[in-house]
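Undergrad: Here is what each chain is made of, one letter per residue.
Number of protein chains: 2
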Amino acid sequence: MKRIADSTVRRLSIYLRFLEDFEKRGIATISSDELAARGGTTSAQVRKDLSFFGSFGKRGLGYSVAELSARLRQILGLEREWQVIIIGAGKIGAALAQYHGFAQRGFRIVAVYDSDPAKVGRSVDGLVIRSLASLPEEAKRHPPDIAVLAVPATAAQEVAEMVVKAGIRAILNFAPHQLQVPESVAVKAVNMAMELEGLSFALTNG
Amino acid sequence: MKRIADSTVRRLSIYLRFLEDFEKRGIATISSDELAARGGTTSAQVRKDLSFFGSFGKRGLGYSVAELSARLRQILGLEREWQVIIIGAGKIGAALAQYHGFAQRGFRIVAVYDSDPAKVGRSVDGLVIRSLASLPEEAKRHPPDIAVLAVPATAAQEVAEMVVKAGIRAILNFAPHQLQVPESVAVKAVNMAMELEGLSFALTNG
DNA sequence: GATAACTTGTGAAGAAATTCACAAGTTCAA
DNA sequence: TTGAACTTGTGAATTTCTTCACAAGTTATC
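Taken in order, these protein sequences are the chains called W and E. Position one of the first sequence corresponds to residue 1 (the working numbering), numbered consecutively onward. Position one of the second sequence corresponds to residue 207 (the working numbering), numbered consecutively onward.
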């Protein structure tokens with residue numbers, strides 16, 4: 001398959017959210033124009049994005065909401081459940097573990113790890129915090145799909161290497177640190193400091 | 207000034223983080239090549255990014271770490287302190303309020319708001335939660351620079367409009383909802399669900 | 001069935017971002 | 001002073017992403 005741009009995948013996510021909204025409201029069809037208006041993009045962009053994966057619409061009519069959202073879920077790999085582990089049971093890690101929005105979209109949090117012995121054994125939202133040292137062994141028995149890193153920046157690289165060695169091929173990184181991983185491993189970063197700096201720049205130079 | 211791409215600003219943030227690291231370690235100069243290696247980009251990209259703002263390096267030698275980081279802080283608007291308010295004192299909002307990493311970079315959290323009367327009056331990390339209804343009045347007296355939205359998706363648009371009306375010109379949005387705001391308002395979104403879906407796509411189509 | 005009003009899908013054009021490649025400046029050693 | 005080894009800054013080339021524009025298909029109305 002032709003390489004799909006990151007920006008395209010992000011937009012597919014956005015489209016899917018709208019479609020699910022429309023689905024709930026019982027609307028049967030939607031045009032690329034309507035989809036674009038809510039996503040802050042153009043109808044041509046919507047059609048081009050979708051065209052990488054096939055042609056799902058009907059000329060003159062638009063897209064079937066039910067069909068298109070099903071196709072997008074399929075494209076995004078959301079038809080299956082993904083096993084997610086959270087590493088780091090600090091403020092952010094704990095907040096993530098308790099946030100149930102993930103489960104709704106098929107991302108099931110199966111374990112929380114921390115390296116601090118004082119935290120190991122405690123519970124977060126029904127999950128017992130496990131020792132990070134036990135990850136390699138446990139990952140062998142029940143391989144997780146995605147590791148969420150909510151550790152301090154200083155520990156991030158080390159933990160990432162451990163995670164990669166354990167066979168995990170996708171990382172969502174909350175630590176403000178640029179991870180170096182093999183390119184077979186997918187990494188997405190959520191970096192609040194960077195976003196704030198983006199706003200600071202906009203306010204300063206806008 | 208020529209319009210600067212978002213991706214450029216993000217990279218400047220990344221460069222700055224490395225530079226601060228180097229500064230701490232007492233390293234005096236750095237080349238675009240070294241800066242690039244850690245940011246996962248190329249030396250040409252680094253030089254091009256910087257060239258939009260001036261020429262800060264010395265041929266044959268590289269960049270002065272101290273000087274370049276000072277210039278980047280200036281460019282990103284990090285020389286002053288920004289007043290930040292958090293709206294929504296749920297799991298995410300509370301975790302953000304307690305996260306002290308922001309303050310270190312000049313983003314001072316000055317208030318937390320919530321519309322739930324049961325939460326108003328309680329404290330989070332030393333800050334009393336205020337009624338959202340009081341925001342317009344209070345913003346008049348002490349105008350905040352940035353509003354962090356940590357509210358449910360269903361409330362996000364409404365709250366955003368309130369924030370804009372209160373004169374705030376920058377929003378960091380944690381709600382999984384695409385905000386519609388005037389283009390004079392800068393918005394950055396932190397969308398964990400979207401990032402996870404990006405990973406799901408990568409795992410599925412990788 | 002003819003016509004008007006829509007809307008998709010997609011090559012082509014255009015814009016934007018990235019990479020190349022090299023002149024020009026700097027440092028160091030002999 | 002010369003030469004070798006670096007490194008920047010930047011036009012030009014290239015690649016990537018977005019927008020344009022229109023043929024072709026669909027629906028609704030009379």
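Calculated from the structure, these hints are not laboratory results. Worth double-checking, as some hints may not be accurate.
No more than 16 Å apart at the CA atoms, straight line, and that leaves these computed lysine to aspartate or glutamate pairs for EDC-like [said to hold, decoys possible]:
hint	chain 1	residue 1	chain 2	residue 2
1	W	K165	W	E138
2	E	K297	E	D322
3	W	K91	W	D145
4	E	K254	E	D239
5	E	K394	W	E195
6	E	K371	E	E343
7	W	K48	W	D33
8	W	K165	W	E195
9	E	K297	W	D125
10	W	K188	E	E401
11	W	K91	E	D331
12	W	K188	W	D145
Undergrad: Hints first: check each against the structure and report whether it holds.
TA: Results of checking the hints against the structure:
1. For the hint pairing K165/W with E138/W, the CA-to-CA distance comes to about 13 Å; that is within 16 Å, so the pair holds.
2. Proposed proximity of K297/E and D322/E is supported: the alpha carbons are some 14 Å apart, at most 16 Å.
3. Taken as a hint, the K91/W and D145/W pair is broken in the structure, with Cα atoms around 23 Å apart against an allowance of 16 Å.
4. Distance hint between K254/E and D239/E is fulfilled; the C-alpha atoms sit about 12 Å from each other, no more than 16 Å.
5. Distance check on the hinted pair: K394/E and E195/W sit about 6 Å apart at the alpha-carbon level, within 16 Å; holds.
6. Pair hint K371/E plus E343/E holds up; C-alpha atoms about 11 Å apart against a cutoff of 16 Å.
7. Between K48/W and D33/W the CA atoms are separated by roughly 12 Å; this keeps the pair inside 16 Å, and the hint holds.
8. For the suggested pair K165/W and E195/W, the alpha carbons sit about 30 Å apart, so the restraint of at most 16 Å is broken.
9. The straight-line distance between the Cα atoms of K297/E and D125/W is roughly 12 Å, inside the 16 Å bound, and the hint therefore holds.
10. A distance of roughly 6 Å separates the Cα atoms of K188/W and E401/E; the hinted pair therefore holds under the 16 Å criterion.
11. Proposed proximity of K91/W and D331/E is supported: the alpha carbons are some 12 Å apart, at most 16 Å.
12. Taking the CA atoms of K188/W and D145/W, the gap is near 14 Å; set against the 16 Å cutoff, the hint holds.
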